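Asks: Full structure from sequences and hints, please.
Residue numbers (our numbering), protein chains in the order written: chain W, 47 to 235; chain S, 28 to 146.
What the hints contain is simulated information worked out from the structure, not anything from laboratory work. Owing to the predicted nature of the structure, the values given are computational and were not obtained by experimental measurement. A couple of the hints might just be wrong.
As the list claims (entries may be wrong) - Listed below are several chain W residues computed to face chain S (Cβ distance under 10 Å; list not exhaustive):
#	residue
1	GLU70
2	ALA76
3	GLN77
4	THR88
5	ALA97
6	LEU105
7	TRP109
8	ARG174
9	ARG178
10	VAL197
11	TYR198
12	LYS225
13	LEU227
14	THR229
As the list claims (entries may be wrong) - Under 7 Å between C-beta atoms, here's a sample of chain W residues computed to sit facing chain S:
#	residue
15	ARG69
16	SER73
17	GLN80
18	HIS81
19	PHE84
20	THR85
21	ALA98
22	SER101
23	GLN102
24	LEU106
25	LEU173
26	LEU177
All residues carry an ideal CB built from backbone N, CA and C; glycine is no exception.
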Amino acid sequence: MKARPVKWDDEHELLARSRAGDREAFSILAQRHQHQVFTLATRLAGDHDLAADISQEALLRAWRGIGSFRGDARFSSWLYRITVNVAWTQLSRRKRTQHAPLEVVDNVAATPSSFDHPELAFESANLRGRLRRALLRLPQRSRVVVVLRDVYGWSHAQIAEALGISVSASKVRLHRARKRLRTMLENAT
Amino acid sequence: MRLVQSTVCRVSRPLVRLGAVDQKDGNSLVARHAGHCLRCQAERAIEHRIHRTLAAMEGNVIKAPAGLVPGVISSLDASVDYPELEFAKAGERVAIAAAVVGVVSVVAWTLTRRVRSTA
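Replies: Laid out in structure tokens, this is it:
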């Protein structure tokens, strides 16, 4: 009997095969989500090398835990949660304060601006750059909360669960971080 | 009058900022003040822009290093299957616990016998 061909564009099938131990299927899934995982890791860690370590560990953990993934949430959300957990653990372990050169993190294709006016577009790009730099200067604990809440739109409950802190602690950290971010932006102008 | 205005602005600023980001109406007095105060409206606009810019960052994807996934897959090939490893670890733990229980019960039995024989 001939084996059924894999539909590589079907995520459910890839997941089912990965759960059954098919490494090729998992490899396709990992390739599909690697950039998003790496982007999140870079934003949380502020360092490309560390982000690569975090991404690798997150994908490994995903492979180990894929049997327990029930499919209630989206696979990408589940993978994001794992990435945040790994990043949080590694950041707490390393307690680094130095970060990679900012150009590395800034080297991202700019999204098209909603402004038609060139001056406003420039101002918007300028703000984006300043915000990225300010984010990297935030203490890690604060940065993680700002990134998860303001960039990825996580709820405080989700942040609290992922980081193992209370909802009110998440709120307090976010409030302080935003305040600090704003001060940094004001000082940078 | 200007002094009063600036004090009100200073008090309401955090609430205006919070309202701008979390889309909350907040205090009605603050909302009423912000409706007339250009300074607070500017504050709200800046906060909106910062929040929008942060939210737009999600769409900016940073390319992962080329060797990321091949590295993960090769380390999967090199390692023992994790479920088996977990099972082995669990078995090891049960064996250690059984040994400890055994030693403790032998010691307890010996001590009890000695106490009984001396009594």
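Asks: Which numbered hints are broken by the structure, listed smallest first?
Replies: 14
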